[in-house]
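Visitor: Can you make the complete structure from the sequences, with help from the hints?
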Amino acid sequence: MKNRHETTKPVAKTEGLVTQELADELLVYDERKHKAHCLNETAWKIWEECTGEQSVAEISQRTSKKLKASVDETMVWVALDELSKNGLLQERVTVDALSRRAMMRRLGIGAAIAIPVVTSIIAPKAITAATCRPSGQSCTTGAQCCSGICSGTTCL
Amino acid sequence: MNKIDRLVWAEDITVISYGVRIGIRVNRAGLSEQLLPLLPPDWKPAAGGAVDRRYSIIAGREGGANARCYSLIYADSKQIARTSELVQALDAFESDLQLYVAEMSPRRVFVHAGVVGLNGKAILIPGRSFSGKTTLTAELVKAGAIYYSDEYAVLDKQGRVHHYARPLAIRENGQLAKPTKYQVEALGGRRGMKPLPVGLVIVSHYQQGAQWRPRRLSPGQGALALLANTVSARREPETMLATLQKVVLNTPVLKGKRGDAGQVVDFILNRLSG
Chain A
1 MKNRHETTKP VAKTEGLVTQ ELADELLVYD ERKHKAHCLN ETAWKIWEEC
51 TGEQSVAEIS QRTSKKLKAS VDETMVWVAL DELSKNGLLQ ERVTVDALSR
101 RAMMRRLGIG AAIAIPVVTS IIAPKAITAA TCRPSGQSCT TGAQCCSGIC
151 SGTTCL
Chain B
1001 MNKIDRLVWA EDITVISYGV RIGIRVNRAG LSEQLLPLLP PDWKPAAGGA
1051 VDRRYSIIAG REGGANARCY SLIYADSKQI ARTSELVQAL DAFESDLQLY
1101 VAEMSPRRVF VHAGVVGLNG KAILIPGRSF SGKTTLTAEL VKAGAIYYSD
1151 EYAVLDKQGR VHHYARPLAI RENGQLAKPT KYQVEALGGR RGMKPLPVGL
1201 VIVSHYQQGA QWRPRRLSPG QGALALLANT VSARREPETM LATLQKVVLN
1251 TPVLKGKRGD AGQVVDFILN RLSG
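One line per chain: the protein sequences are A and B, in this order.
Take 1 as the starting number for the first sequence in my numbering and just add one per residue.
Take 1001 as the starting number for the second sequence in my numbering and just add one per residue.
If you are wondering where the hints come from, they were derived from the structure by calculation, not from laboratory data.
Using N, Cα and C, we set each Cβ at its ideal position, and we do this for glycine too.
Just so you know, not all the hints are guaranteed correct.
Stated by the list, open to error - Heads up, simulated DSS-like pairs for lysine-lysine below, C-alpha to C-alpha not over 30 Å straight-line:
no.	chain 1	residue 1	chain 2	residue 2
1	B	1003	B	1121
2	A	125	A	35
3	A	13	B	1246
4	B	1044	A	85
5	A	35	B	1157
6	B	1181	B	1257
7	B	1246	A	125
8	A	66	B	1181
9	A	35	A	9
10	B	1157	B	1003
11	A	13	B	1157
12	A	125	B	1044
13	B	1255	A	125
Unchecked claim - Quick list of the computed label-pair ranges, beta carbon to beta carbon:
no.	chain 1	residue 1	chain 2	residue 2	range
14	B	1142	A	73	51 to 61 Å
15	B	1156	A	23	19 to 29 Å
16	B	1183	A	121	29 to 39 Å
17	B	1183	A	105	55 to 65 Å
18	B	1142	A	52	51 to 61 Å
19	B	1180	A	52	57 to 67 Å
20	A	9	B	1262	49 to 59 Å
Guide: Shown next as structure tokens:
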């Protein structure tokens, strides 16, 4: 694990990911973990710059140009923390809770662009995404039950 | 599989449903006729040959108490039902088949959702069991919307919704009650047949006494809400994301708790009228 440091050059994870652009958001599906993420524009553009060759300061400059708005290093660190927590960077980048709170307070004041956000869900298994029966209803197979367990006659 | 293959089958049919080839063989003459209403909507007979899944249905003898009274159903080589009640076994067959087709369809993305049509646009109500989507679907149908499904939104690659019109399964005596099945005509409704572009997505969960005050989700959050109910999400993520993108890019996705379905119905009718 690396802590906040001037030489941090984050690298985006690419293997096993499927992406889909949506106007100013990016959907990312992690095929290994079966997790889906939605990156808002700020998080997306910062993630794009995580090539392993850019320092946080350089990512800040390049993203500011892309978004035509100020993206300071604090914003980049918050994004890296979010991206890292969701498994979208090759190495963990951690920001301690105290620093993160201070950063969020700073970003809240007069930020011209959205704070980087990554929203995530676990993709359902096929059976989870289908109609199921509650406990107590008759069944012959666990696949029919919301719990996934059939006693042989009744959903548990 | 070998053991089952050695049995003598009275009937052997092949059907195709949403691009999935299904073989069904039964040990009793006339039984395959009983299975037809249990098949997914829009099925067609197909010539024999290779299938994606083969169901073997062994109807037990009626009366008596020995093993031969049990009805058995296999999906390929996996036993999915063993019961003395043929009706229960066929229930398991129907559930398994519907889910298999929804997951494996090569050209469609199935989202667990209620769907109605209104003024040429589809309204999707995604949600798990017990979220209240069938109740809301039924109320919209009673208010004049065209019925497409209370089970799946079947999306094509252009993001249009196709019908999946099964009888509505409505829980009338509380969440734990077994649902009663109603043909849409019994509710005074009509079935839709034409694929429709999506005009609105309602992500709601029933909570007694709740007021319907939805917030609009961003397209990305809307896509996640649909993905959370997509049957083939894990199997075909690339197709799934591309299809959901077509749906959410220009479609409002509204999320909120709801109490009485009437509030939401009025809201939708006002929003999509004219």
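Visitor: Hint by hint, work out which the structure violates, then give me just those numbers in ascending order.
Guide: 1, 4, 8, 10
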